[in-house]
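Going down the list, the sequences are from chains A and B. For the record, in the first sequence the residue sitting at position 80 is 80 according to the numbering used here, with numbers rising by one throughout. For the record, in the second sequence the residue sitting at position 247 is 247 according to the numbering used here, with numbers rising by one throughout.
By construction, these hints were calculated from the structure, which means they are not laboratory data. Remember, it's a predicted structure, so these values are computed and weren't measured experimentally. We put the beta carbon where it would ideally sit given N, CA and C, even for glycine. Be aware that one or more of the hints could be misleading.
To be verified - Simulated crosslink set (EDC-like; lysine to aspartate or glutamate; CA at most 20 Å straight-line): (1) B:288 <-> A:104; (2) A:75 <-> B:289; (3) A:154 <-> B:289; (4) A:105 <-> B:289; (5) A:75 <-> B:137; (6) A:151 <-> B:451.
Stated by the list, open to error - Partner residues are not named here, just some residues of chain B that face chain A (Cβ under 8 Å, in silico): (7) 30; (8) 132; (9) 165; (10) 167; (11) 168; (12) 171; (13) 177; (14) 178; (15) 179; (16) 181; (17) 183; (18) 184; (19) 193; (20) 286.
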Amino acid sequence: MSSQFGLYGIEKKFGKFRAISVDTLEFEDDSYIVVLGPSGSGKTTLLRIVAGLETPDRGKVVIGGEDVTNVPSWKRSVGLVFQNYALYPHLTVYQNIAIPLTVEKRPVSEIKKSVDEVVEVMQLHDQVGKFPKQLSGGQQQRVALARAVVKNPKILLMDEPLSNLDTRVRVDLRGYLKDTQRKLGITVIHVTHDQEEAMALGDSVVVVHKGEIVQMGKPREVYGKPNDLFVAGFLGGINLFPRESVESLGIEGDYDTMGIRNEDIYIVEKKDPHQLSGVAGYSQFLGAQTLLNVNVGDIKIMTRIAKDRKIKYGTEVGVILDLKNAVFFKDEKRVDVKIPSI
Amino acid sequence: MRSPTKKQALFLIVPAIIYFLIFALYPMIENIILTFQQENVNTGAYYFVGLKNYYELFQTPHLDRIFENTLIYTFLVPLFDIVLAVPLASFMKRLNKAYILPLVLLSSLIPLVTAAVIWSFMLNPFYGVLYYIDKVDLFSNPWMIVVIDVWTSLPLATLIIYSGLRSIPPAIEEASQMDGIIGARKLFTIDLPYVKSSILSATVLMILYGSFTFDPIYVVKSSAAPFSITDLAYFSYQLFFSDNVGFAAVLMTIMTGISTVIALLFVRLTLWERKSSGRQFFNFMPNKETPRYLAWFFTILYLAFFLFPFMWLILESIKTNPEIVAIPPIIIPYIVTTAHYTLSYIRGSPYFLTSLAVSLGTSLLVLLIGAPAAYATSRYRIGGLKFIGFILFIYSLPTVIFMIPVFEIVNAVGLINSWWGLIIAYPVFVMPLTIWMLYNFYTNFPKHIDEAANMDGMNVFKTFYSVILRLSGDGISVTLLYSFILAWGALIFPLALTYTPFNMSLANPSGAQTATIFVGSTIGHEAFNYGALSAASVISIIPSLILIYIARRRIEKLWRVGGNVS
Ligand SMILES: Nc1ncnc2c1ncn2[C@@H]1O[C@H](COP(=O)(O)OP(=O)(O)OP(=O)(O)O)[C@@H](O)[C@H]1O
Ligand SMILES: [Mg+2]
């Protein structure tokens, strides 16, 4: 059953504090995996265990079908891109990229060939003679990436690779990272706390919370069918209705909370047909859309409305819920509930 | 300089500037003037002699010997220091044990005079350990001075490089682990290039250190052949005491010139970020982590070199006189006595008392003038890097060059041979370091605290004296202690400015010879009083032990030379 890459029964504690524990986590070849979780959830620790920078207290790390739990980092066939890049400041871009190869005393011609190749892929030809300090953040990041992949590792690990960059560059680089992964045909594990980044990039997303993996799946799946309230909230705006408040909708089943994402709620005029009624609160204009607060009884919900639509504070409105996208929870865990067709 | 706060801050730095103008800048100029003058032996008045003093340079016998010795100290000491410091620093980093550093540092924090006394015990061909190795007389050999210099300066070189190594970001360490660069090869391809500026600073500091060598020569001199170990610094001091002030001034001006060149290099290295370059691949080095037992083995060897002399000294101080001069030397005494301590207490208390009072007075004075200046420069950029550069420049000059003009100043205000005379003179070699340490401290001090105080309507002085000073306990306590140690170990100024021991009368005080003079000459020059000398030496080490104990957790930051100022 063992796959090419996997973590089995891993646990890592710092003192008494358990930073991460993983029962089983297996990855497919050549996929882009994003590990997503809030600060302090153990993402970095997980990544460092795969890299061999941290030794787990127990458990097994498998890379390329081999047990590498006791193999030092540099023999594991993994490349790591550090959050702050960790380029050697006294070496040029070329030397930085070449160093994993020069250490192995490979022939100069072979080194040159490999380095030229990644330099090509990373579009760094104009920069090879410079020192890291002379590069922009985005360029440094590409050098770090080049150094990590020059040895053709089986897995590329990236710890928050985009978080030190401007928003704009960040979005550009997302496409670049994904392209690079495809070109190199490599498995990537990318750690982030940005749920948008996770969904944009990941073939699958692993959500980590308080040192445990709470869900793993394709982005749509994780977004649409979150395993619990934490995942539901962490992946995007969601409105939670206690069962009593939506009893009028007549949904049967064993649940205590119904969740509906912001974009699945529509606001109509009071006189039009609707399911719930509420009072408009403040709205936030965000450019592409407007977020509107609505009080339904004593529940505050948030919804998206068209950017040019204005609803005055205090107006009575009608609320329509798109129930086919609703999720249901009992004791914080998701439960399946049959929606009556209307 | 337009904002009102900046104007106020200016006042914080003025006392320091005035002090340095009088006690540092004026002496440098006065030295140059003196080179064209000679003293009338009868009246004491100076008269113009043109270039006569400079001609003397070419007529002095043994001058070649003196220059040769100076060169030996100037270049061999740093060479040994750096070659020995790099491995030690990297072993220390590998072992990562907090208690090693204080042990290494001890020998650099004791008075230099004491260090020289210890080694003259050790290297005595009849009564010292040297007897068991080779019965040679090293007392007329410059190598003996080199050994003493290395023993006292290697810790500092090690500290600077060690702090550099420790400041390598963890991510860089891990990156090299990922890339498979480890052990000796990592040291050469990653670590050393990374701390290149620390190594350079350490080298320059050690060059300065070697080139000013004075105290060991002073101690060993009485047992050495004339001129065999003398260097420029010591020779100019001798000239001053033989009333050849003009010629002494020539030598001091030469030293100032040479040190200025080295100092400029030092200041540049310390204050300006250096561009890195280089492609060093030490692929021939073993790419394996040094086994811990090997690191331990070498570290223990080093520690033996640093600490064995202390043990020898302590054993010496409790031996009875016959055992002290027994041949072959007795290592562990059969009979233990405290008589030497009693004797050196009775004879030495005026000297120790003076050192205590003067060191205390100096540290407080230095803090009073130096702390506001350091704060104003770091916070309000008063004088900016120029002032700090000037401070480091003063720090890099040999103390001996200030001797003649400072003597004149202290003489003019009637404070020769008094505590106060020493207290006003000492800051010239203590304060530069104080300001530098506090400058670094305040640079890392949270800015929002003074901003909040400013918002509350406090002016710069009130902010400094009632808010900042109270919160600077950390930086100030370490700095105070370090100033104390520097003052405690001073030798040149007491030699020039005092001539009798304290008369033990606070009502009608006179005399101010210090513990360093007591150890270095008073009993040191008495035949066969080794017991009292060793006991006095042990006593002279106590303040250093206290400093190390108190600052043990922060000792790594004691000396932040070599890093770049952000
Ligand atoms: N070396 C260490 N010693 C002690 N505790 C540690 C250590 N490294 C991590 N931890 C703790 O383990 C927990 C998980 O840390 P980790 O760095 O893996 O979190 P993370 O998910 O990467 O967070 P972030 O998004 O902030 O980077 C944290 O609570 C952290 O304090
Ligand atoms: Mg992290």
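Hints and how they fare:
no., hint, verdict
1, B:288 <-> A:104, "holds (13 Å)"
2, A:75 <-> B:289, "holds (15 Å)"
3, A:154 <-> B:289, "violated (26 Å)"
4, A:105 <-> B:289, "holds (18 Å)"
5, A:75 <-> B:137, "violated (57 Å)"
6, A:151 <-> B:451, "violated (51 Å)"
7, 30, "violated (45 Å)"
8, 132, "violated (46 Å)"
9, 165, "violated (14 Å)"
10, 167, "violated (12 Å)"
11, 168, "violated (10 Å)"
12, 171, "holds (4 Å)"
13, 177, "holds (5 Å)"
14, 178, "holds (5 Å)"
15, 179, "holds (4 Å)"
16, 181, "holds (5 Å)"
17, 183, "violated (11 Å)"
18, 184, "violated (13 Å)"
19, 193, "holds (4 Å)"
20, 286, "violated (12 Å)"
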